[in-house]
Structures are given as C-alpha cells and as structure tokens.
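Chains as they are written, first to last, in the numbering used here: chain Y, 1 to 232; chain D, 1001 to 1232; chain U, 2001 to 2232.
Hints in this document: simulated from the structure, not taken from any laboratory.
Quick reminder that beta carbons are idealized off the backbone N, C-alpha and C, glycines included.
Watch out, some of these pointers could steer you wrong.
With the Cβ distance kept under 7 Å, some of the chain U side facing chain D (calculated, not the full set) [as the list claims (entries may be wrong)]:
#1 2051
#2 2052
#3 2139
#4 2143
#5 2152
#6 2155
#7 2199
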Amino acid sequence: MDILQMLDFVGVAVFAATGALAASRKQLDIIGFVFLASLTGIGGGTVRDLILGQTPVFWIANSAYLAVCVAVAVLLYFTAPLFEYRYRLLLWLDAAGLAAYCAMGAAKGLAAGAPPLAAVVTGVMTATFGGILRDVVSGEASVLLRREIYVTAALAGASLHVALTLAGAGTALAAAIAVAAAFAVRGGALRFGWALPGYRHLPGRPAGKALPAEGATARTSARDAADRRDLR
Amino acid sequence: MDILQMLDFVGVAVFAATGALAASRKQLDIIGFVFLASLTGIGGGTVRDLILGQTPVFWIANSAYLAVCVAVAVLLYFTAPLFEYRYRLLLWLDAAGLAAYCAMGAAKGLAAGAPPLAAVVTGVMTATFGGILRDVVSGEASVLLRREIYVTAALAGASLHVALTLAGAGTALAAAIAVAAAFAVRGGALRFGWALPGYRHLPGRPAGKALPAEGATARTSARDAADRRDLR
Amino acid sequence: MDILQMLDFVGVAVFAATGALAASRKQLDIIGFVFLASLTGIGGGTVRDLILGQTPVFWIANSAYLAVCVAVAVLLYFTAPLFEYRYRLLLWLDAAGLAAYCAMGAAKGLAAGAPPLAAVVTGVMTATFGGILRDVVSGEASVLLRREIYVTAALAGASLHVALTLAGAGTALAAAIAVAAAFAVRGGALRFGWALPGYRHLPGRPAGKALPAEGATARTSARDAADRRDLR
Chain Y
1 MDILQMLDFV GVAVFAATGA LAASRKQLDI IGFVFLASLT GIGGGTVRDL ILGQTPVFWI
61 ANSAYLAVCV AVAVLLYFTA PLFEYRYRLL LWLDAAGLAA YCAMGAAKGL AAGAPPLAAV
121 VTGVMTATFG GILRDVVSGE ASVLLRREIY VTAALAGASL HVALTLAGAG TALAAAIAVA
181 AAFAVRGGAL RFGWALPGYR HLPGRPAGKA LPAEGATART SARDAADRRD LR
Chain D
1001 MDILQMLDFV GVAVFAATGA LAASRKQLDI IGFVFLASLT GIGGGTVRDL ILGQTPVFWI
1061 ANSAYLAVCV AVAVLLYFTA PLFEYRYRLL LWLDAAGLAA YCAMGAAKGL AAGAPPLAAV
1121 VTGVMTATFG GILRDVVSGE ASVLLRREIY VTAALAGASL HVALTLAGAG TALAAAIAVA
1181 AAFAVRGGAL RFGWALPGYR HLPGRPAGKA LPAEGATART SARDAADRRD LR
Chain U
2001 MDILQMLDFV GVAVFAATGA LAASRKQLDI IGFVFLASLT GIGGGTVRDL ILGQTPVFWI
2061 ANSAYLAVCV AVAVLLYFTA PLFEYRYRLL LWLDAAGLAA YCAMGAAKGL AAGAPPLAAV
2121 VTGVMTATFG GILRDVVSGE ASVLLRREIY VTAALAGASL HVALTLAGAG TALAAAIAVA
2181 AAFAVRGGAL RFGWALPGYR HLPGRPAGKA LPAEGATART SARDAADRRD LR
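So here's chain Y without its partners, still in its complex pose (with noise of 0.2 Å):
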C-alpha cells in the first residue's frame, strides 16, 4: 500500500468518524449512523472521481473503503458516549480528513492529467465536500462559515503538493509536506483560533444599520454559544 492509498483510508475513517459523530449529536439510530458516515467518508473522492470522469467511483470496485465506513460507525454508536467532547473531536478528526484529502486530491488531479490549477482546486475539493455534504443532510452550521481558517488550510496543502510535484519532488515526500502543513494550519486554527481578516463593510457606513443586518453577527454568535455549549 503506497502513501496515496494510505491517505485515502486515513481519510475515509476519519471524515466517516466526523459523520457519525454528527449522527450522535442529532441521535440518530444505528443505521442512521452507518449512512451519515458513509456519506462523509466516500462523499468528497466521489464527487472527485465524478468531475476526473474516473467512474465507477472508487468505492466501487474496492468494497474495503465501505467495511471501513461501516465499522467506523458501529464502533463509535458504542463509544461516542465515552467522549466528553464530542463536536471538538469532530474538528480535530475533520481537520486530518482534510489534510489528507487535499493532498490525496491534488494527487488524483494530477495523475487524471489535470492542469495545476485544476488539480488544486480537485484536492480542495476531496477536503471539503464530504463535510460539506455532511453539514447540509444533518443540518448542522457549515464548517464552512466559521470564521476560523478552514478552505485556507486545504488550499495551502493541495497548492503545495502540486508545486512540490512540479519542482520534481516524489508523490510520497510531496504528500507528506502538504499534509503536514495542511494539518498545522487548520490546527492552529483550531487551538489558537488563527483567522485571516474576515471582510468587513466600509468604515463609514453606519454601523448602526449595516452590521445587524447581514446577519452573520447573530448566526456566529449563536454558532459561539453552541460550541460552549458542545465543549462540556
């Protein structure tokens, strides 16, 4: 099992390990679990494979990456309970999804004959989208909108394998520096709640009437005191 491979299981296990405890927080039953985690783990190299046209998906034809899913999910039904922190945990398992995912992307990307450009954006697009698709079906606020750095971390790792790739560098070195920086970013984001400067309305706008009104405010508030509320 090369690198490439290895990071596709890494990946799989860790966004279906997010989906099912997105499952958890919405007390969903035991096949309720299997479907959010497998809809997280396979979701964003699906959508992948579909825009490189490499169908059947790779789910397809290796059943292992759904046993893989499945068994993730029972075991968590099971011991999510044990975790006191359970939607911090699903922000750290996200965060290692994504970094291997955007690495693992751009790799797909390149090796499907895709322009740099294009593969960067297929490796951010691996990282994001099954947490995308598992914020939307389960409805939770999407990881998306949070104010700390998220999209940055996965393009900062997918452009850095595809020009460590182009400068000659070997799949496996240049994949391990992208998950690596990848990682440190969106974990710095998460420990240190790293941010880049979030745009901001004219400063002689009246504040008075422009900010309540986009209500972006409000939403991170709220989004602020559900994530004190899910730290305990």
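Place chains D and U on chain Y using the hints.
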C-alpha cells in the same frame, strides 16, 4: 416493460408527487411544482447513474421520465388542495418511492458489475437521494433526521434484493420481495412509529446539561409540532 | 471565441460575483470569497457536464474559467463595500447569469445529442444549480423559493433556444433571443415583482388554521424583512 422498468417509472412518479407536495407546502407557482417534482423524481436515479458511470443519465435518452414528472406536477398543482393531510400523503408516497427505488437501484448496481456491498449502497442511494435533494432545496427538515425508521427500510430492501439475486432468485421475484419488505418496514414506521433505539448519551452524564445541548431534542419537538400542524 | 463560449465566460463571471457577494454577506475571509465564487461560477456547468457524460468537466482542461472566478472574487473582496445594496446587486447578477446559462446549457444539451425536452432541462439545470449550491452552502434562503418568477425565466430561455434551433435558426441568433427573453422575464420579476399565481389552499379551508401552518408565510415575511434590510 419488465419489472425493473416498471419500478423505475413508479419511483419517478411517486417521488415527483412528493416534490410537488413539497412545492405546495411552499406555495410555489406551477413552474416551481414542475421543478421540484423533476428534481425529486429523477434525482436519486441520476446520482446512481453518475456513480456507476452510466452517462448520459437515464432521463436524457428517454424523455418519458421527464414527461411523467411534468404531468404529475401539473396534476397535483390543481388537485393538492383536495388532500387534507398533505405532509402525511407526502410521507406515504415517499415510502412507495423508497421501496421501488431501493430494489431498482440495487439491481442496476449488480447489472453494472458492482460487488454486493456496493450494489446495496447504490440501492440505498437511489432510494434516498431524491428525497434529500427535495428537502434541501425546499428547506424542509430532512426526512433522514426523523426518529422513526427510514434509511433502515431502504437498506433492508436493497440487501434483500442483492441476497436473493446472489442466491439465484430471478430479478422479478427478488425485486418483488424486496419492494414489499421495504414498504412494509417503512409503512410500519409511519403507521406505528417503529424506531430503532436511538443513540443515547452516557447515563452518568448530567442530563440537564447534555441533552438540551445537542439541539436534537428541540429540533425534534419542533418537528413534532410541525407534524401535528400538518395533520390538520 | 464564438457566442456560446462568450456566454459561458459571462455566466461564470457573473455567477462567481454572486458567490463572492454571498461570501461578503457572511463576512468570510478572502479564501472564502474565492471558494464560494468558484462553487457558484462553475457549479451549474459542472452538473450539466456530469449529466451529459462530458468528463473531465469543462474547467479541468481550460484553467481560464477558474482564473476568472479567482479574479472576480479578489476584486469583490476589495470593492464590495462600495456597493450599498449588495443583495439587490447579487440578484441582478444572478439574473444575468441565469440568462446566459439557460441558453448555453440548452445548446450544449442539443450538441450532445439530447432530445428537445432533455435539452431544455439541461438548460434550466445549468442556469439554476450554481445558485442552488451557493444558497445551500452559504446558508441563505434559496432563491428558488422566492415568490416572484425565477425558474420560469430559465425555462422560457431554454425552451426558446431549443425551439428556435429546431426551427432552423443559427445558434448565435437563437442564443441571443433566448438570453434576451430570459433576462427580460427575470428582470421584470425583480423590477416589477412579476409572479405567476402561487398555489393556493382550498378556499373552503379555514385560513386561520391552514395558512400559518404551512410555514411559507412566516418564511416569506422573514425574507421580505431581510430584503428590506438588504436594500439599505
């Protein structure tokens, strides 16, 4: 017309009807009815075909599928006010579509050469993705998050179809049994509130803190309230 | 560059702008702008290409599409505060994208050998799916659920393009007329509130019970309130 093609048209028609009923709940115009009916009617099968690599997808070559969606949408635009319990009707039609499509999707997966586990997954996907698209686009709470059995019914039907086919049963017999089983399971859930045990928090965990924190409880109550309203 | 390719770039650019404006409403960082702009800009065409089986999809081979999305996103990150009525601008750009893409999508469907009805559907899908993805991922109320005409404009443009082409008109002429018609219809809806008659409940049904029960009314009022805020 063999049994699989018949199931396909039944699935398209009843899912299209659920899309039209969702449009009626949002008081859309007639084109909105046609749009949501088509999206729901052909959505699940479209995702299935994409994943199996069978493109152009099924409704491109045969316009009869789209014609069915349009006809159902127009019919319901004028007749929906006659039904007093539209959300309940939507759920029962959704159950019929789920039953037809879990067998049909699994059969198509097997026919495309997918291994058994992957064929089960294509069956479940075909049966559930039309409804997911309908709920996401129309802004309804996802039917997947309901407490009573849903995905489990599709899984039972798809697994039965694959197991019976592997055991040597003809496609028609396997599909008939699978459809009946899936509809019985989902119907029992709708009629008698059948549910698998939902995930429960650790008993030792202070309920006052953990339970309201998850959001699922409040959401469920809101859904129950909405259901009661809908039954009027 | 022929007219279809021009329409393609116009569609990508204006839809990308609507994605960037949605990002500004959520106060995302610059990478969030690029992400939402790209998702919205290339989303509709990606779904169209997948369904027609034309993979790898259009933006893989030609990186110019992605470059346009990135440029538009960066530009709007710095200039959006200059626009006072951003949601209104978003809606008008969305109308331009809708007009460009309904003709372009229908033309691509016909070119791929789809029958007339399916070509109309690929036109409508191309025109609407970018906006659906934008609204779902950014957590906005779907533009499809607005009371004034939306899908109808895309349907009019796509149908006109297919009908004129079948009647022997050249692609450029058919596309020009279709784009103008779709933009006129959607523009009229935005400017004058044009709407088809919405579905209405049975007159005999007690309004006090049925109307508030549907949720659409409350939702619509909230949306109207949001619009009024946005117009400031």
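Each hint tested on the structure:
Annotation: interface hint on residue 2051 of chain U holds; nearest CB of chain D at approximately 5 Å, less than 7 Å. At its closest, the beta carbon of residue 2052 of chain U sits 5 Å from a beta carbon of chain D; the interface hint therefore holds under the 7 Å criterion. For residue 2139 of chain U, the interface hint is violated, the least distance from its beta-carbon to any beta-carbon of chain D being 11 Å, above 7 Å. Using the Cβ-Cβ criterion of 7 Å, the hint placing residue 2143 of chain U at the interface with chain D is not satisfied: the shortest such distance is roughly 11 Å.
Hint status for residue 2152 of chain U relative to chain D: holds, with the closest Cβ pair at about 4 Å, below 7 Å. Using the Cβ-Cβ criterion of 7 Å, the hint placing residue 2155 of chain U at the interface with chain D is satisfied: the shortest such distance is roughly 6 Å. For the restraint placing residue 2199 of chain U at the interface with chain D, the shortest Cβ-Cβ distance is roughly 5 Å, inside the 7 Å limit, so the hint holds.
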